[in-house]
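Asks: Protein chains in written order, with the working numbering: chain A, 1 to 205; chain B, 1001 to 1929.
What the hints contain is simulated information worked out from the structure, not anything from laboratory work. Where a beta carbon is used, it is the ideal one built from N, C-alpha and C, also for glycine. Some hints could be false.
What the hints assert, rightly or not - Computed beta-carbon distance windows for the label pairs: (1) B:E1648 - A:L183: 34 to 40 Å; (2) B:L1646 - A:I192: 29 to 35 Å; (3) A:P48 - B:A1669: 42 to 48 Å; (4) B:P1668 - A:S127: 52 to 58 Å; (5) B:T1651 - A:I192: 49 to 55 Å; (6) B:T1651 - A:W85: 25 to 31 Å; (7) A:P48 - B:L1646: 31 to 37 Å; (8) B:A1148 - A:H55: 47 to 53 Å; (9) A:W85 - B:P1668: 54 to 60 Å; (10) A:H55 - B:D1129: 50 to 56 Å; (11) A:H55 - B:A1669: 48 to 54 Å; (12) B:L1646 - A:K158: 22 to 28 Å; (13) A:S127 - B:G1175: 27 to 33 Å; (14) B:S1697 - A:K117: 49 to 55 Å.
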Amino acid sequence: MSRFRVFFFLFACLSIVLAAAKPLRAQSDATAQVRSVLDKAMDIQTKPELQGPEHRKERAAQIRKLISDNFLSEEMAKESLAGYWEKLSAGQRQRYQSLFTGIFTDSYSVRVLDFLKRETIEYPGESPEGKYVKVRTIIMRTNEHIPVDYILENKGRKWMIRDVIIDSVSTVETYHNGFGSFLRNHPFDALIERMAIQKKAGEEL
Amino acid sequence: MNLVTKLLKNLVAWVLPRPRFILAVAFLSVFASLWLAAVRLEVKTDQLELISDRHPLIAKTRMLDEFNFHGKTTFALVVRGPTQDRAIEFMNAMVSKIHADPKHFQDVFYRIDPNEFKKWLLYYLNETDLAGIRSTLEQNSTLVHSMAENPDLLNFFRLVNQDMASRMVGEFFTGFLEDEQTPQEHGKNTNPLDLEFLIKELDGFSGYLSANQRYVSPWASFFKSGSWDLQKEGYLWEGKKKLLMAAVMPSKVTGQVSKTQGSLTQLRNYIHELKLSGFSDCEAGVTGQEALNNDEMQTAMVDMTKATWLSMLGVMVVMVTFLRGFRHPLIIALSLLVGLCWTFGWTALFIGHLNILSIVFAPMLCGLGVDYGIHWFARFEEERSLSGGSRSSIIQRVMDKSGPGIMLAGMSTAFSFLPFILTGFRGLMELGMITGMGILFTILADFTVLPALSHYLAVDKPSAHATAVRGKKRYLLRLGPKGIRTILAAALILCIVSSISASRVQFDLNPMRLQAKGAESVYWEKVLTENSERSILSAAVLTHSPEEAMTESKKFKALSTVTDVDNVFSLLPENQERKIPILRSIALLIPELKPPVAISTADGGGSNLAPAVQDSYKTDLIEVLQRIRFKMQDEQAEKWGASRPLVEQMTKVKGSIDRIIQALENLPADSTKLSEFRRHFMEDIAEQWTFIKESSSASPMTIADIPPQLRDQFYQDGKYLIRIYPKESIWNEGALARFVKDIQWVNPNVLGDPVNLYVFASAFKKASINASIYALIAISLLLGFTFRSLRLMLISIIPLVVGSIWTIGIMGFAAFDFNLANSIFMPLVVGAGVEYGVIILLRWKEGHETPGRLPFSTGKGVILAALTTTIGFGTLMISNHRGIFSLGFVAWVGSICVLMAALLILPAILSFVKDPVPAVDKEALNVTL
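So that you can see chain A by itself, here it is in the shape it has in the complex:
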């Protein structure tokens, strides 16, 4: 074997190794990111100084911030309206995205506030999902558990969550089905109006 050939072979091997190594590193980062978000959420929920109903608003604010910092709400909003998004004007899109972000953040915050305690969470692994990565988690309790998968997208410096799949049911898909069903019988403005009402109600929680 010529030296060139040897060099080429080594380069090819290295390329393969590097190519394989990149997702491996990405996987662990994505899982670490999910773990970090969940740990922070559990910290907020279990901080002694934030316990009790009188500190719920404080906790809610911190949870909301955690969600805002780690979820791609605007992307989720767009995907939830897939097939309809293109028909919207820029103003409608902006209004819709804004409301969606609020509603999602509120809804998710409430579930975290009500559900999440100091949990035992298993991280069975992660797997690529097209250009995204799915991180699998299982919340374990006595005689009950629930699998919650997170779809993350690498946004340069940080892995961001763009969907949460609770026991095989995608949040984004649920929004998509719900909005689609609603819009089959109502104009877009009615959806905006309904979301605005919901947003307002969510703020009062």
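With chain A fixed as given, assemble chain B onto it according to the hints.
Replies: For chain B alone, kept in the frame of chain A given last:
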């Protein structure tokens, strides 16, 4: 009377020299009578046979027999459990015992095999329910189709979990849109979450794994219709499905009361045994006409036996007290006993049975029949005291002097009963014959056995007390002119007040209110009556073509007194043609079920699983159950405003899952429970799928398709039976009359219990009134013939008339109504009432008395006779049978009233009548009675 006196003289002349022979004959005849009674005497319980065994209604009613279990006698077994399932379990256990005992039971009809009408079960649901089923199938089409693809338990739980997860996430994030969502979304269940179906399945699974290993199908709760649970179908429910019924056909086994009593007792023993062996939460009892009749006769027999002995004892005590010694009461009692035995023998020989009316004769006879012996010995003591002499000479004098009077009193009492024969009402005819003959037998005994016994046992020396009072004339009542007026005025006022009070006395038709309060059959009949949506008694008519059946049914239905009409066509589902399109659309929603490939060794469902495969299946099952459990956040759900029932359901689901997981984790490696349950589950789905598919594809049901056991109740050999249900309670006399008259107007050939009751009650009322009239006429004729004076005849019946008015007045005050038992009180007290009048009048007729005075010996005789009579009637009041009690009460009050009227009013009235013989040399005259 000369003829009677002559006959009596001859009889006594023949009897007195042969006391030993007379007593020997009496002893043998008593023995023969008792043997006859034991061998031949039955108790008849059929109500209609009380009217007449030749009554046309009886023959017509027998035509209905073939529609009621082909004329077989039946007991109604009623079961009430905490749940329908428990009631069914109890019933099934009872049926097993009944089937295993052919000695006591011929058969039991407790269920129509659901497989016989399963094909048409969906036709029985109304259109709204059918639309609901279609909607359930549409909304759960994902579940239905997925289960059709893989009808396995694990797949089922996975699908349930998937549906719940979808609901949960949807509720979390898009709940604010939900009320606007279209419910028609294919395969998506948008109904509010109801966990009942899941709970049923989990409970069944948990129960199967724990101990009972009985598979319970959950599909009834999926479709929200009991029709799906074929295990519960076909049972005979009553009272809004609270009472489970069965018709038990007893074998004819001899019993104390009837041929079915042994079976009834055995049936109750079985109920008792079951309750002790794990069914303490269930109640059960036996009722129905046969059981009611048995209980009624049983109670009556026991009570009458007690009453007879008590009556004898009471009479003995009174006699011992009044006659101041034991010998004479003993002679009277023995003579009475002989008369009673002869009456039993005669009844066994010539009538052959007793009925609920005639069964009371024995204690009454004790009270009435003893009077003649008392009068006999009263005179015996007087003759002994006044003239002395040997026993034979005293007996001879008593017979000569008092014999005709005693005979007249006895005859008048017998004549108050014997005219019952003229009423044509069989029950009363038999009572009249038995009691009338009983009185005559008692008199015969008093003229044969009593003198014969007296020949050996009578006390022939007067007592010191009798000697002391000898020669003194004493009076029980001394009325001056003022006293006479006071008594007559008080009697008149009492009559007016009684007449006002009597207006409140009604006629109560309800035979249930005659029965013993504590009788089990009565209790359960009452439970049935109170819980049934419609009357448990119905009238019936036979028609001979479908058209006639339909036309007649419509006419009956249009009557304002009718609530419901059933015929064989009512057994068919309604509006079948209209339901066909819905049913066919349901059929299209049911996918073909794949063969149960899941039950294979490879998949882990077979009974010969490899342990590793079973472990893997178990792990997957636990995993999915844990995921379902996570969604049961009952505390949070309540906070979010979930309904209370839903929160409770969540708690139940959590509990069941915990039990299942524990059971699965503890399941031994070689256990087949899990695979057995999976097999049951798959078979159940296959059965349900087939059922819905076949039922929704079936052609409309026809009469030929109705299960024979049910069809036979309405249609046989071209005859169509119509059952007509009254709107108002037929125990109300007016309502019964309106109902019967209305249905008879539509068709004069109507039959059935209400018609029978109406005819029976009318006949009984008429017969009771006629019996009183006939008794009064017969006695009046006898008295007219005796006194040969219309005025004296009328005076003699005054105590009866006044006493009867007072009695009905007291009934009004005591809130006693006339009923089917006590209506015969009048003819019963006629004899007693007239007897007292006759005795007082006969004494007055002797003359020599100051107006307004009643000689002591006469008064004593009347009081003593009245006391024994009231004891006879009064002992009926110990009866638990409320009918007999009420008869005892009314007759007891009646006899006291006529006694009071005789003792007080008669002397007062007689003071206005010219004395037949002026009062001279009073002390020297003998007292006739």
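Asks: Would you mind marking each hint as holding or not holding in the structure?
Replies: Here's how the hints hold up against the structure:
no., hint, in the structure
1, B:E1648 - A:L183: 34 to 40 Å, "37 Å, holds"
2, B:L1646 - A:I192: 29 to 35 Å, "32 Å, holds"
3, A:P48 - B:A1669: 42 to 48 Å, "47 Å, holds"
4, B:P1668 - A:S127: 52 to 58 Å, "38 Å, violated"
5, B:T1651 - A:I192: 49 to 55 Å, "39 Å, violated"
6, B:T1651 - A:W85: 25 to 31 Å, "43 Å, violated"
7, A:P48 - B:L1646: 31 to 37 Å, "34 Å, holds"
8, B:A1148 - A:H55: 47 to 53 Å, "52 Å, holds"
9, A:W85 - B:P1668: 54 to 60 Å, "58 Å, holds"
10, A:H55 - B:D1129: 50 to 56 Å, "52 Å, holds"
11, A:H55 - B:A1669: 48 to 54 Å, "51 Å, holds"
12, B:L1646 - A:K158: 22 to 28 Å, "41 Å, violated"
13, A:S127 - B:G1175: 27 to 33 Å, "31 Å, holds"
14, B:S1697 - A:K117: 49 to 55 Å, "54 Å, holds"
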